[in-house]
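For reference, the chains in residue letters:
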Amino acid sequence: MRALFDLLIQSKHWFLFLLLEVFSLIFLFSYNGYQKSVYFTTANDVVGTTYNVISGITSYLHLQEENNQLEATNERLRKQVLAMRQQLVQLQQDSIKRLPDLPQEYDIIPAQVVNMTLHKANNFITINKGEADGIRPEMGVICSQGVVGIVYMTSRHYSIVMPLLHVNSKVSCRLRNSEYFGSLIWKRGYANIAYVTSIPRHAPVKKADVVETNGFSDIFPAGLPIGRVQGIGDSSDGMSYLLRVKLFADFATLREVSIITNYHSPERRLLEQQASDPAKQDSILKAQEEQKIIVEEKLEVENPQPDKTDTIR
Amino acid sequence: MSSLFLMRLCRLFVLLCVQVLILNHVHLLGYLTPLIIGYMMVCFHRGTSRVSALLWGFAIGLIFDMFSNTAGMASASCTLIGLIQPPLCDAFAPRDAAEDFTPSFQTLGFWSYITYVFIIMLVLHGGFYLLDAFTLANWPLTLAAIIGSSFMATLLIMFIELLVRSRK
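Protein sequences, first through last, are from chains A and B. Counted from 1, the first sequence has number 149 at position 149 by my numbering; the numbering is strictly sequential. Counted from 1, the second sequence has number 167 at position 167 by my numbering; the numbering is strictly sequential.
Hints were generated in silico from the structure; no laboratory data involved. Mixed in with the good hints there might be a few duds.
Said to hold, decoys possible - Below 25 Å or equal to it, Euclidean Cα-Cα: the simulated SDA-like pairs (lysine to any residue) are: (1) 36(A) / 69(B); (2) 12(A) / 163(B); (3) 187(A) / 286(A); (4) 246(A) / 181(A); (5) 12(A) / 2(A); (6) 36(A) / 133(B); (7) 170(A) / 222(A); (8) 36(A) / 138(B); (9) 36(A) / 62(B); (10) 36(A) / 31(B); (11) 246(A) / 210(A); (12) 12(A) / 1(A); (13) 12(A) / 26(B); (14) 207(A) / 218(A); (15) 12(A) / 50(B); (16) 36(A) / 136(B); (17) 36(A) / 59(B); (18) 36(A) / 141(B); (19) 206(A) / 233(A); (20) 12(A) / 140(B); (21) 206(A) / 152(A); (22) 120(A) / 42(A); (23) 36(A) / 132(B); (24) 187(A) / 169(A); (25) 286(A) / 265(A); (26) 12(A) / 51(B); (27) 36(A) / 51(B); (28) 36(A) / 131(B); (29) 12(A) / 90(B); (30) 207(A) / 179(A); (31) 187(A) / 152(A); (32) 36(A) / 137(B); (33) 36(A) / 66(B); (34) 36(A) / 130(B); (35) 36(A) / 9(B).
What the hints assert, rightly or not - A few chain A positions that, by computed beta-carbon distances, are all more than 10 Å from chain B: (36) 24; (37) 107; (38) 130; (39) 195; (40) 263.
Think of the CB as a built atom: it goes at the ideal place given N, C-alpha and C, for glycine as much as any other residue.
Given only the sequences and the hints, what does the whole structure look like? Please build it.
See below:
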C-alpha cells in the first residue's frame, strides 16, 4: 500500500498533466462549435460501432438459446401442420365441396349425426341441429357422397331424418345424361342398396349409370348424386324397369351431414297450394273474364266502327 | 522566488501583448501564424519542477486562449510543453550544469539552442494546429502550417533572444 502511495506521489505530474489536458479538452469542446460537432459525430460513430460489436458478440453467445427456441417452435409448428393436415383430410372426406354447386336459392346447414339405425324397416337418423338452427321438416339431407334423406321431425335442437333406408322413403330421381326419371325406394335388406322404379322400358339404361336427383321437388336441387346402377330388372307389371342402385352414401360411417334449405320453398308451396284450391281457381277465372271485357271495351272506344249509312251514301 | 515569479509575469505580459496584438494578425501564406508565447516555457531554468512547469504551461495557454478565442487549444499545447520541457532541458544541458541553468545562446551554444527551441515550438504548434484543424483530412496543409509556423516562431525567438542578450 505504501509502495503504491509512493508510486502515486512519484507520478503526480502525470496525473496533473492528464487533469490539465482534460480541462483543456473540456474547454475545447465546450467553446468551439466545429470541434464540438466533430467530437459528437465521432463519438456517436464510435459508440455506435462499439454497441454493434457488443451486440454481435452477445447475439453470438445467445445463439444456442435462440437455436433451442427455434427448434421448439419448429417442433410445435410441425405438430400443428400434421394436425391440420389430418383435419384437412377429414374435412375433405366429409365436405360438401365434392357435391355439385348448389343453386343460389339453396343454402347449407352443417350438422352431425348423433344417433342412427340401419337394420330396421323404418330407420331414422338423429342429427344435432333443430328449429333453433333453421331446420324445418321436409328439408333435404346430404353428405359428401350424396343424398342421405329428408328431415322428418324437428325439435328445438334436434331433428329426425328419414333416410333413404326407410320403407316409406320415396325420392324423385333421374338417370344422369338422360331425362328419364323415376322414384327411388328402399326394400329393406342391405343398407347400401335401393331401387328405382318407373323408368320406362325404352329408356337407354345400362349398368354403372349414375342416378341423381331431378329437382322436381323443392327438397333437393337437380343433380345431387344418389347412387350407381348395379342391376337392371323388370317391374312387377312388366311396364317399366326396376333398377338396383348402389347408394353413394355410406350410412355405416355417416357422421357429418348437411341440411339443404330452399329459400323459395315457402313461396313455391303457397303457389302450388293456391293452384290446387277449386274456389281460388273460380275466382281467378272470373277475374280474367272481367279483365277481358274491360280490355275489349277500351279497344272499342279507341277505334270506333265506321257508320254503315255513311258507307251506303 | 518571488522575483522570478514577477519576472515571469512581466515576460508573460509582454509576450501576450506582442502575440495578441501583432502576431495573431499575421497569416503568412494564409495559414502561418507563429506562437511565441512558447518562449516563456523555453526560458524555464533546469531546476523547475514538472508540476510547476505544467501549471505555468496551462496558465499561459489559458490566458492566450482567452484573448485569442481559441479555447482549449493553446492550454492543451502549452501543458504538453510543460510536460516535456524539464526532461528536454536536462537532455540539452551539460552534465555538470547548475540547478538554475537557463537555456540560452550562451549556455547551450547556437545550434543546440536552435534545436531545443525548434523542438519545443514544433510540439507547441503541432498540438495547437492539430486541435485547430481537428481532422487529418487535409494533413499536408496542417503539416505545412505546423512546420512553417514552428520555423517562424524559432526565428522570432532567436531574434528576441539576440535582442535581450545584446542589451545585457
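*asked:* Given the hinted pair residue 36(A) and residue 141(B), is their Cα-Cα distance within 25 Å?
replied: Satisfied, since the Cα-Cα distance of roughly 22 Å is no more than 25 Å.
Has the given pair, residue 12(A) with residue 50(B), been kept, meaning a C-alpha gap of at most 25 Å? It holds: about 9 Å lies between the C-alpha atoms, which stays within 25 Å.
> Keeping to a limit of 25 Å between CA atoms, is the pair of residue 286(A) and residue 265(A) held or broken?
Replying inline: violated (28 Å)
Exercise. With a cut-off of 25 Å on the C-alpha distance, tell me whether residue 12(A) and residue 90(B) pass.
Key: Judged against 25 Å, a Cα distance of about 19 Å means the pair holds.
task = Starting from residue 36(A), check that the Cα of residue 59(B) is at most 25 Å away, please.
result = holds (23 Å)
- Could you grab the alpha-carbon distance between residue 206(A) and residue 152(A) and see if it respects the 25 Å cut-off? Violated, at roughly 33 Å.
**Request:** Mind checking the alpha carbons of residue 207(A) and residue 179(A) for me, to see if they're no more than 25 Å apart?
**Result:** holds (17 Å)
Decide if the proposed pair is consistent with the structure: residue 187(A) and residue 169(A), CA atoms, cutoff 25 Å inclusive. holds (10 Å)
Worksheet entry | Given pair status - residue 137(B), residue 36(A), alpha carbons within 25 Å | holds (17 Å)
*Starting from residue 36(A), check that the Cα of residue 66(B) is at most 25 Å away, please.*
holds (18 Å)
Please work out if residue 120(A) and residue 42(A) have their alpha carbons no farther apart than 25 Å. Status violated; Cα separation ~92 Å.
- Message: With the threshold set at 25 Å, check whether the alpha-carbon distance from residue 12(A) to residue 2(A) stays at or below it.
- Response: This hinted pair holds, its Cα atoms lying about 15 Å apart.
Hint violations for this structure: numbers 2, 3, 13, 14, 20, 21, 22, 25, 27, 35 and 36, all remaining hints satisfied.
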